[in-house]
Amino acid sequence: MAHLTRRTADLLKPFSVALSSMRLLTTTSTTPITVETSLPFTGHKIDPPSRSVETTPQELMTFFRDMALMRRMEIAADSLYKAKLIRGFCHLYDGQEAVAVGMEAAITKKDCIITAYRDHCIFLGRGGTLLECFSELMGRKDGCSKGKGGSMHFYKKDSGFYGGHGIVGAQIPLGCGLAFAQKYSKDENVTFALYGDGAANQGQLFEALNMAALWDLPAILVCENNHYGMGTAEWRAAKSPAYYKRGDYVPGLKVDGMDVFAVKQACKFSKEHALKNGPIILEMDTYRYHGHSMSDPGSTYRTRDEISGVRQERDPIERIRKLVLSHDVATEKELKDIEKEVRKNVDEAIAQAKESPMPEPSELFTNVYVKGYGVESFGADRKELRAVLP
Amino acid sequence: MLGVIRQRVACRGIPTRNFERGIRVVASRSLSSTAKEMTVREALNSALDEEMSADPKVFLMGEEVGEYQGAYKISKGLLEKYGPDRVLDTPITEVSLCLLLINCSICVCNIFHSLSFYMLQAGFTGIGVGAAYYGLKPVIEFMTFNFSMQAIDHIINSAAKSNYMSAGQISVPIVFRGPNGAAAGVGAQHSQCYAAWYGSCPGLKVLAPYSSEDARGLLKAAIRDPDPVVFLENELLYGESFPVSAETLDSSFCLPIGKAKVERAGKDVTITAFSKMVGYTLQAADILAKEGISAEVINLRSIRPLDRATINASVRKTNRLVTVEEGFPQHGVGAEICASVLEDSFEYLDAPVERIAGADVPMPYAANLERIAVPQVEDIVRAAKRSCYRSSSLAATA
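If you read the sequences in order, they're chains A and B.
Residues 295 to 684 (the working numbering) make up the first sequence, in order.
Residues 1321 to 1718 (the working numbering) make up the second sequence, in order.
Source of the hints: derived by calculation from the structure; they are not laboratory data.
By construction, the Cβ of each residue, glycine as well, lies at the ideal position given by its N, Cα and C atoms.
There's no promise every hint is true.
Said to hold, decoys possible - Taking CB as the label site, the calculated pair distances span:
{"no.": "1", "chain 1": "B", "residue 1": "Leu1556", "chain 2": "A", "residue 2": "Arg598", "range": "27 to 35 Å"}
{"no.": "2", "chain 1": "A", "residue 1": "Asp481", "chain 2": "B", "residue 2": "Ala1487", "range": "49 to 57 Å"}
{"no.": "3", "chain 1": "B", "residue 1": "Asp1606", "chain 2": "A", "residue 2": "Lys638", "range": "45 to 53 Å"}
{"no.": "4", "chain 1": "A", "residue 1": "Val682", "chain 2": "B", "residue 2": "Lys1637", "range": "36 to 44 Å"}
{"no.": "5", "chain 1": "B", "residue 1": "Asp1664", "chain 2": "A", "residue 2": "Thr423", "range": "52 to 60 Å"}
{"no.": "6", "chain 1": "A", "residue 1": "Val664", "chain 2": "B", "residue 2": "Ala1487", "range": "31 to 39 Å"}
{"no.": "7", "chain 1": "A", "residue 1": "Glu612", "chain 2": "B", "residue 2": "Ala1355", "range": "53 to 61 Å"}
{"no.": "8", "chain 1": "B", "residue 1": "Ser1486", "chain 2": "A", "residue 2": "Glu501", "range": "25 to 33 Å"}
{"no.": "9", "chain 1": "A", "residue 1": "Lys435", "chain 2": "B", "residue 2": "Ala1609", "range": "57 to 65 Å"}
{"no.": "10", "chain 1": "B", "residue 1": "Ala1504", "chain 2": "A", "residue 2": "Arg598", "range": "28 to 36 Å"}
{"no.": "11", "chain 1": "A", "residue 1": "Arg605", "chain 2": "B", "residue 2": "Ala1504", "range": "27 to 35 Å"}
{"no.": "12", "chain 1": "B", "residue 1": "Asp1606", "chain 2": "A", "residue 2": "Arg598", "range": "47 to 55 Å"}
{"no.": "13", "chain 1": "A", "residue 1": "Gly668", "chain 2": "B", "residue 2": "Ser1486", "range": "42 to 50 Å"}
As the list claims (entries may be wrong) - Coverage of chain A stretches by chain B, computed from C-beta distances (three or more under 8 Å per stretch; other residues unrestricted):
{"no.": "14", "segment": "340-347"}
{"no.": "15", "segment": "454-464"}
{"no.": "16", "segment": "525-533"}
{"no.": "17", "segment": "600-613"}
{"no.": "18", "segment": "617-624"}
{"no.": "19", "segment": "656-663"}
As the list claims (entries may be wrong) - To list a few chain B residues with every Cβ distance to chain A over 12 Å, as calculated:
{"no.": "20", "residue": "Ala1355"}
{"no.": "21", "residue": "Pro1411"}
{"no.": "22", "residue": "Ala1504"}
{"no.": "23", "residue": "Ser1520"}
{"no.": "24", "residue": "Lys1587"}
{"no.": "25", "residue": "Glu1674"}
{"no.": "26", "residue": "Arg1691"}
{"no.": "27", "residue": "Ile1700"}
Bound conformation, chain A alone:
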C-alpha cells in the first residue's frame, strides 16, 4: 500500500471539520492524528486534562473493530438468551463499549480492572476470547469460569481482570483492596473499580474511598453512569447525581463515556494521578441500549425516543466511523467488511461454544477450596453423592 503524507495543518483541526482534501492513509499507519474530544472534561478539585488526544489510524481502526465486536457479541447474547441457551441473569453492555475500549487503550494488562455484573465486554477487552464468553454464558466447560460462574462471574486474573460481581457495590471495596495490594507490592500499577449510578449511593463506596484516600491507594473509581439503576432514574435515586463530585475530598472528572478518546484520555490522566496522589473518581456519562437485564424491557422507565435519540447522536461506534471516514483512514466498504467479519467471528464462536460440552458432574466439587485437606463434601443426598475435596 502506498504510504501517503498528510498536510500538517489538518492535524490540528477537530474531526468535525470537513477534510475533503485528505488522501487515503493506510490502516496500519502509526502517523499521529490529533482529535478533540466531543466535550471538555469537567474537574472536581483537579485541573482537567486537555481535550486534544493523540491517536493513529491504526488505533482508530482497532477501536472500531473492538467496539463492533463487543456490540455484536452483546446482540448475539440477546438472541441466545431468548433462545434459552443462556439462563439466569444476563446484563448487556451495548452502548457502553467506549468505556471498555478507551480504558484498555490507556492502561496495561498489569493494571487491574474490577466491575459488577455487566462484565462481558470488559472481559473481552482484557483479552478474553469470544469462545470463552459464549461458552461461559451457556454454561459449558470451555467457559472462562468453566461454566460454573455464568454471565455475572467472568474472570481473567492473568490479565488483571478480577470479575464479575453480582452484589451491587461490593466490587468497590474489593477494587480498593487490589489497589492496596498493588501499592504494598510496589507494583507501580493501578486498579480501575467500575460501578454504576445505582451503586454510587452505596455506603461501602464511601467507606472504601475514605481509606483509599487516607492511604493514597492507586485506586480509580469509575462510575459508569448510564443514568438508570435498574428501573430507577438517577434523579430519583441520588440527591446529588454529580457522581464525579461525590468523592468530596477525592478529586473527580466528568467524562463523555460515549467518546472513546475522552475515555482514553481520562484513564491515562487518572493512572498518572493515582500513582502519585491516590484515588480519583471518573464519571463516565454513558448509556445502555438494553434494559437493566434481559428480564427488563428497558422501556417502562424511559422512552423509546430517548433510546433512539442517544443512538443517533452519541453512539460510540458511529462516532469512530465518522472519524475514520473523515480522516480517510478507511472507506465505508472497508468498515462494512470489518463489521461482516466481526459478525462471522461471533457466529463461529457461538457455533463452537454450542459444541462445547457441559462440565463433568465431578466439577460440582472442584474449586471449593484451593486445598481441601481431604475434607468431605456432599451432594443433595449425602448418602448417595459425596466427594473428597482435593
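Since the structure of chain A is already known, use the hints to place chain B on it.
Okay, now just chain B, sitting in the frame of chain A:
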C-alpha cells in the same frame, strides 16, 4: 384468633395434596366447594393490600416496589392505591447511616414520584428498623435475601435483639420479606437459602410459606405480629397457582405463627420440608405411595419458632424421619430438626434420620451441575426408602 380456630377445623383429617397448575382441586368437606385458584404472587399482593388498608401504620419499602411495580411484581398496584408516602422505592443502599424517621401520614402527594433509594439495602433496612422503633409497621422488601447480607447487622442487632436489650421498651414490628433460595441459573451469589442463618437467631420469627394459602395467612400474621419477622418467599413459586378457600380469601384470614401443617397424612415415614421443597416432597410422596410407602408430609411454615410438637408427634407415629431443605447442609434446618427429634423422641426412631439438602458447594451456573446441587424429587424418594430399609444400594462415593 377466630381465623385460627376455623383454619384448624377446616384442615383436620383432610389430606391436602400438591396441585399442579390446571388440575382442579377437590374441596375439603367442611368448606363450601370453591374451585378458586390464586397464584402465590396474587396471594402476597392481596395480603399486603389488605393489611395496608386495615392499618395506616403499615408501609412498604424496597427496591423497585413502587413505580416498577415490584421486581417480581408482588407490590403491583400498591403505589397507585396508597401513594408514595406508603410505598417507597429505595436506592440500592441496604445499610444506612441515616436515622431519618419516616412520617407515615396518609396525605397523597400527586406531584412527585415515590422516593427512590435504589440499591441501598443496609440504608433502607436501618431506616425501616428505626421507623419500627417509633411505632410504624414497615414491610421491607429485599430483591432477594442474598442482598439482605448487606443489611444483616440491622436485622440481627438492631431488630431481633432490641426488645430483649431494652427489657420490652423497644419492640420492632417489622417484616423483612423477599425471595429466598435458588431460582434458576442465577449462580453462586444469588442462590443461597437463609432459613438456617435467620432461624438460629432468638428474637426473630422466621416464616417460609409454600402455597397461596400459606402466603396470604402467614404474611398477614407477620405484618400484624409485634416482633421482627423474616418472611422467606421463593421466586419460582410466585407464579404457581393453588386452590384457595373462601375462608382464605377473607380479609381477616390469618395463620398462626409457629405451627406446621401436615400437608399429607401418612404412617410410614415423616418428611419435613418448607417452601418449594414442599411441592417436591408431595411429588415424592405420590411416588412412594405407589411403592407401598405412606409418607406423612409436614410443611414447616415456620422455621422459628419451629413446631417441634407437630414434628415429634409425627415421628412418634411413623418412627422414621427425612428432613428436606434447599440450603446448605451443615448447621441447616434439618440438622436442628434431627437434633430435636433425637432429644425428644429417640426411642421412637426405627431408622437413622435422613437429611436431604442443597449440595455442600457454592451454587454452580452450568445447568447440569445446578441440577445436582439442588435436591430433586428422586433424592427425597431415595432417602425415604432408605429410612424404610427398602433401597438395595448403600452409600456410593462420587
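Checklist entry - Should the hint that B/Asp1606 and A/Arg598 are 47 to 55 Å apart at their CB atoms be regarded as holding? => result 49 Å, holds
Checklist entry - Using the C-beta atoms of A/Glu612 and B/Ala1355, is the stated range 53 to 61 Å upheld? => result With Cβ atoms ~58 Å apart, the hint holds.
Checklist entry - Regarding the assertion that B/Ile1700 does not contact chain A, is the least Cβ-Cβ distance greater than 12 Å? => result 8 Å, violated
Item to check | Outcome, coverage hint (the segment 340-347 of chain A, chain B; C-beta under 8 Å; three residues) | outcome: The restraint on the segment 340-347 of chain A is violated, since only 0 of its residues have a Cβ under 8 Å from chain B and three are required.
Next on the checklist: A range of 31 to 39 Å was offered for this pair. Does it hold for the Cβ distance of A/Val664 and B/Ala1487?
Outcome noted: 48 Å, violated
Checklist entry - Can the segment 600-613 of chain A be counted as covered by chain B under the rule of three residues or more with Cβ-Cβ separation shorter than 8 Å? => result Violated: only 0 residues of the segment 600-613 of chain A have a Cβ under 8 Å from chain B.
Checklist entry - Is the nearest CB of chain A more than 12 Å from the CB of B/Pro1411? => result 4 Å, violated
Item to check | B/Asp1664 versus A/Thr423 beta-carbon gap, inside 52 to 60 Å or not | outcome: 59 Å, holds
Checklist entry - How does the Cβ-Cβ distance of A/Gly668 and B/Ser1486 compare with 42 to 50 Å: does it lie in that range? => result The hint (42 to 50 Å, Cβ to Cβ) holds, given that A/Gly668 and B/Ser1486 are roughly 48 Å apart.
Checklist entry - Is the gap between the beta carbons of A/Lys435 and B/Ala1609 within 57 to 65 Å? => result 40 Å, violated
Checklist entry - Quick check: the segment 454-464 of chain A, covered by chain B? Criterion 3+ residues, Cβ under 8 Å. => result holds (count 5)
Item to check | Three-residue Cβ test at 8 Å for the coverage of the segment 617-624 of chain A by chain B | outcome: Our answer is that it is violated, as 0 residues pass the Cβ test (under 8 Å) against chain B, missing three.
In terms of the numbered hints stated before, the structure departs from hints 6, 9, 14, 17, 18, 21, 22, 25, 26, 27, listed from lowest to highest.
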